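Line order of the protein sequences matches chains P and R. Residue numbering for the first sequence follows my numbering, starting at 4 and increasing by one per position. Residue numbering for the second sequence follows my numbering, starting at 270 and increasing by one per position.
Bear in mind the hints are in silico, worked out from the structure with no lab data behind them. Check each hint, because a few of them may be wrong.
To be verified - Only pairs whose alpha carbons sit at most 20 angstroms apart, straight line, appear in this in silico DMTMM-like list of lysine to aspartate or glutamate:
id, chain 1, residue 1, chain 2, residue 2
1, P, Lys261, R, Asp279
2, P, Lys128, R, Asp284
3, R, Lys342, P, Glu168
These numbers were taken from a predicted model, which means no experiment stands behind them.
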Amino acid sequence: MDKIDVVIVGAGLAGLSCAYKLADKGLQVIVVERGDFPGSKNVTGGRLYLMPIKSLIGDMLDGAPFERKVVREQWSLFGRENSINVDFTANKFRDHDHSYTILRARFDRWLSERLIAKGVFVIPKYRVDDLLWENGSVAGIKAGNEEIYAHVVVASDGALSFMAEKAGLRPKMMPKQYAVGMKEIIELPEEKINDRFNVESDEGCAHLYLGDVTKGVFGGGFIYTNKNTVSIGIVAGIQAMMAKDPPLDAYTLLDSFKERYEIKRLLNGGNTVEYSAHVIQEGGYNGLSKLCGDGIIVTGDAAGFALNVGVTVRGMEFAIASGIMAAETIIDAKEKDDFSVRTLSSYENRLKKSFVLQDIESSKEMPDFLENDDFFTFYPERFPGFLERALWFGEGPKGKMGKTLWNEIKSSGMLSFKRLKALYRIKNI
Amino acid sequence: MKIEEKLAIDAFKTDKESHIRINHDICRTKCTLKYCLSVCPGHLYEYNEEMKEITVEYAGCLECGTCRIACQKGAIEWVYPRGEYGVQYRYG
Ligand SMILES: Cc1cc2nc3c(=O)[nH]c(=O)nc-3n(C[C@H](O)[C@H](O)[C@H](O)COP(=O)(O)OP(=O)(O)OC[C@H]3O[C@@H](n4cnc5c(N)ncnc54)[C@H](O)[C@@H]3O)c2cc1C
Ligand code: SF4
Ligand code: SF4
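Given these sequences and hints, build the entire structure.
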């Protein structure tokens, strides 16, 4: 059987980065993508951190279609009828290529065109249906009536990875280990975005929201500014929504968020031009799949490389880094002419030496920590509530501010042993 | 904004056959909580009173996979739409 070097399933950031590196070393690569074009099926929140992957990517992202450089970071804690907002900016963030907002349909397409210019075959409009096997080793893929044999298959097929499942590398998906993100793209003139988010053109804002935005269930909201659109979305734990009585209607969350006073003014006059949804892994370190088998390597979301640090999801730089490290592993394997799990497992060592598995490992306790409902109900109710009472000057004497606050804190149960103990665990993450 | 209006903004190419199949026997005999009705971001699952079964409007599917994960009874047989079909994001 004639074999090419590598076939990659999925032209997302993981698959494209892998192909980029392989092509640099002259390996024969085919990327198969089910969408009309790379990116047409992909959803992200919006922000790519560049620092962690800087030394890995070389010139890969030179000239990439970034939307805005994030120079303003904001967090809000939403109570039912009030909210607290933190607004951060720093010269450091403006002076460095720290993070950028992106839109995947544009970004992935651009990267794939760069690959095609390098001579890589990127085949869109084909859904890979199955793996091909040879003596117990993965030996290629099947898409409709087409078969492609390859020394290595790279599963870069995203969070629902059917390839990792078919290769027996991934256990059954449990609702507890996933969240769903729902997002709208809202068109607004560039100057309006600059004014409302207090940034210059090309500069952007990342705003994360906790609390009542998810009706007390695990998750949060986000806004990222793009050139002349705004990405707004909600991420909510699937199990957490199911556990509510009655279960929470997922599709209503984003609308209630948009209806909030704090949000409405930001989006006023804007047109919704897209609605999308996508699942996100929440399993952290314990939710990872096996990372390789004979003739197969798993990258990006397909392997579970995503990290939910409260409300900010990190996945894209893991996808890019793991794609590149998979490529390095395959280049090695080709030199040794051994594509068995013995050689391919050096992929895991590479990941362990890098931020990918180190960051995911060091956030091991995060899923358990965040399972504490207090973060999504108790604190969002209390903190804005304190401020509301402190700032409100009604009839009659105001009383001693500090004393009132102290009494409030005491009576709220915030200093209870249980809560302090839960909070103390923060040092583990 | 109504959910139907939101879905109407998106670009879909609809295949003749659904990429989501429901095993109605399992829904009838093994499932009381029917999470599929609430978890879908497109609100595409419905209980059809006349047919006495769960239906899904597959043409509006955003391909997120939430229903596949939420139904732990194994009643939903879910694959991606064939290449070229399904939702086409222009922003993503
Ligand atoms: C709402 C939301 C907000 C997020 N916010 C952020 C953020 O701000 N920052 C961040 O870093 N990360 C964020 N993430 C996570 C990030 O988007 C993912 O980690 C990242 O997209 C993973 O990239 P990937 O290449 O592994 O997978 P994907 O981007 O999912 O790519 C998989 C590709 O495989 C293709 N494919 C799948 N199956 C097949 C098949 N059988 N045949 C052919 N092709 C197939 C798909 O069409 C797709 O092109 C967010 C995610 C969501 C959903
Ligand atoms: S599809 Fe699953 S969740 Fe929905 S009714 Fe059937 S068994 Fe229950
Ligand atoms: S995949 Fe997502 S959008 Fe499609 S039917 Fe299932 S839950 Fe709804």
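- Query: CA of lysine 128 (chain P) to CA of aspartate 284 (chain R), is that 20 angstroms or under?
  - Reply: Holds, because 13 angstroms separates the two Cα atoms, which is no more than 20 angstroms.
- Query: Taken at face value, is the distance from the CA of aspartate 279 (chain R) to the CA of lysine 261 (chain P) at most 20 angstroms?
  - Reply: Roughly 19 angstroms separates the two Cα atoms, so the pair holds.
- Message: Run the distance test for lysine 342 (chain R) versus glutamate 168 (chain P): straight-line Cα separation, threshold 20 angstroms.
- Response: Status holds; Cα separation ~18 angstroms.
The structure shown violates none of the earlier numbered hints.
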